[in-house]
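Undergrad: For reference, the chains in residue letters:
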Amino acid sequence: MRDAPIITHGLNHFFGTGDTRKQALFDIALEVDRGSLTVLMGPSGSGKTTLLTLIGGLRAVKDGDVRILGQQLMRADEATLVALRRRLGFIFQAHNLHESLTATQNVLMGLQVHGAGDARKQRAAAHHLLDLLGLADRCDYLPGNLSGGQKQRVAVARALVSNPEIVLADEPTAALDKASGHRVVKMLKGLGDARGTTTVMVTHDPRILEMADRIITLEDGRITADRRQVS
Amino acid sequence: MSQLLTLVFGRLPIGWLQLTHNRGRFIAAVAGVAFANLLVFMQLGIMGALNSSTVAPYAMLNADIILSSEDGNTLTDGGHIPRVRMFQALGVAGVADATPLYIGNLPFTLDDGSSVSLLSFGMDVAQPSFASPGIAASLSRLTLENTALLDEGTRGMPASVIAKLTDGGRYSFETGGTTLTAIGTMDVGGGFLADGMVIMSDQTFLRLFPNRTSGAPNHILIRTADGVSPDAVVARLQAALPKGNIRIQTMAGSAANDLAYMATERPTGIIFGFGVFMGILVGLVIVYQVLSTDVADHLREYATFKAMGYGQPFFLGIVFEEAMVLAVFGFIPGVFVSMVLYAGLVSVTGLPVVMDAGRAILVFFGTLAACSLSGAIATRRLANADPADLF
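Protein sequence lines correspond, in order, to chains A and B.
When we follow full-length UniProt numbering, the leftmost residue of the first sequence carries the number 1, and every step to the right adds one.
When we follow full-length UniProt numbering, the leftmost residue of the second sequence carries the number 1, and every step to the right adds one.
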C-alpha cells in the first residue's frame, strides 16, 4: 500500500502551549486506499475535524508523519501546502459560496485556481457538473437566490469540478434532502471507481455509512475502531 | 463590464463583482472617493490660481533679467531699488537695454460707486519693447496724461465697460481725487492681491502715487544683447553692482522664486497645500474603510479560496482590483463636478481656476496611488482568513 494517497504515522497534534496545551490527536496511524470512500466518525471533540484539516494541509503538522499524494507535510512550506491543496477538493458543512458570484462562477473558481485555461471549456465543465447535480436551471443564480440544499450542491460541484485526487468533506449531506444526498455520495463513489478519487468524509448520516468502504471511529483523539466493509 | 474585466485580468473579476454586489455600498464608496477627489481638485485649483496669478504679471513684461530690492518678496510685493543701479547695469558687458518698473496697488472708484483694487504698473512708454507684444503696440498711446490699459479680467468690472473699451471707447474712474482714463485693454486676470491690473506710463504712475519718486522704482528690467546668455550677464551684474541690497535674477528665476515664496512662506500657499494633503488623507481613510470592511465581510469566502489553493497574490489582486475600481469610478464624477465648481469660481472671483490635463492626470494617478496604499493596508486583514477555521 505504498502508493496510498493518504498516509499518517505517529501523528500527534495539540493546540496551545504551556499550561493551556491540549492534545487533540494521539499517535494516529492511517493508510487510506486510492479510490475509497472513508468515513470518519466520533463524538464532538474527538479530533475528526483536526485530522481532516491536517490531511488537507490546512494546518501545520507539528509531530509525526503525514504524507499526502506522496508529499510529506511535516515542515512543508506554505507554497508546498498551496500546491497540494490545488490537488484536493474540499466540501465544507457550510457551503461558503461567494455571495457575489453566480452558481457557475462559484464552480469556475474551482477550475481557475489551476490557471485561466479555455474559458468556454471551463464554463461547459461547470454547467455539466451543475446539471449532474440537478442545478441546470440555476446556473446563473446568485447564492442568495438558492435554497440551502442547492447552495450545498453548488459547493459540491465547486469541489469536484477540477477532478481532485482527494476529496475531504465535512458533513456534506447535512443540508441535503434524501435524494440529493444520495446523488452526491453516489457521485463521489462513482469518481472513486472511475478515476480513483479518494474521499474522506466526516459524517453521521447513516445513509452514507452504508455506502462507505471504511469507517474509522475516533474518540478523545485516538482511533478506537477501524472497520472495512464491502459495499 | 464583467466580461471586459475578465479579459483584462484573465480570471473572474471578483473585486468588481464583490463591490457592485451591494450597490448602495458601492455608490457610497464611489461618492466618498469622488468627494476626496473634489477636495483635492478644489485645493489644487485654488493653489494653481494662486500660482498663475502670481506669475501672470510676468507675461506683461518682455525682459531677460530683473533687478529687485533684497527685501522684496515677489514681483508685486517688494521694496524699492535705486534707479542709479540701472545706469550702472547699462555699463556691464552684455546688457543691451534697461528700464525702471514701478508697481503699486490702488483702490479705484467706479461710476456706480463700487470700488476695485487695481495693481498698477508704471513703465517708460518710450521703451515699449519691455512690454509683451500685445501691450507694446498700445503703450505709445499712454503718453497721454492719466491714461491706462485696463485688465479685461478685472474682478467687479462691468462687462459693458470692457466691451466698450475693446470697441475703442474710453472709461474713466477715480482714485484719490485723480481721474484715470482707460483707453484700451490687456488680458491678465485678477489675483489674490488685487481685483485686476492696470498699466500706465511712469509719469502717470508717479502722479497717482505722490509718495513715490522716479529715483526709486520697484524693479529694473534688463534685456541682454543678442546671443548673450542671461545667466552669464547675471553673474557679471552680481560682480559689478554693490552687494547687500539688491537681488539679480533672470526673469524665469524670479518667477520660480515668486512661486516658491507663495507656496512655502505665505499662509495662503501653506493653507492650500495643507488642504491638498487633507483631501488625500480623507480619500485614503474612505477607501481603506471600504476595502477593510469588504475584506472583513468576505473572510469566510477568502478562507475557502485559500483552502482551494489560491495563494496570497490572488487575494492581493482582488483588493487592488477593488482599489482600482474605486479610484476610476470615483475620479470620473470627481473631475466633472470639480470642473463645474471651477467654472463657478471663475465667474464669481475671476481667478484663473483652470482644469488642465496635467492636473487631471496628476490627480488621477494620485487617486490610484492613494487607493493602492489603502488597499495595501487593508490586505493586512487577509491574514485573518484561516481556512482551518472553515471545518
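Quick caveat, the hints were computed from the structure, so don't treat them as lab data.
The C-beta atom is built at its ideal place from N, Cα and C for all residues, glycine as well.
A portion of the hints provided could be inaccurate.
[Stated by the list, open to error] Covered stretches of chain B, going by a simulated chain A footprint (3 or more residues, C-beta under 8 Å):
id, region
1, 8-21
2, 96-106
3, 307-321
[As the list claims (entries may be wrong)] Not close to chain A: a few residues of chain B, all C-beta gaps over 12 Å, as computed:
id, residue
4, T178
5, V228
6, A256
7, P387
[As the list claims (entries may be wrong)] Some chain A residues judged to face chain B by a derived CB distance under 10 Å, without partners named:
id, residue
8, E31
9, G56
10, R75
Undergrad: Against each hint, give a clear statement of whether it holds in the structure.
TA: Comparing the hints with the structure gives:
1. 8-21: holds (count 8)
2. 96-106: Coverage by chain A is violated here, the residue count being 0 at a Cβ distance below 8 Å.
3. 307-321: holds (count 5)
4. T178: holds (74 Å)
5. V228: Given a closest Cβ separation of 65 Å, the condition holds.
6. A256: holds (51 Å)
7. P387: violated (5 Å)
8. E31: Since chain B brings no Cβ nearer than about 22 Å to A/E31, farther than 10 Å, the hint is violated.
9. G56: holds (7 Å)
10. R75: violated (17 Å)
Comparing the model with each earlier hint shows violations of hints 2, 7, 8 and 10; every other hint is respected.
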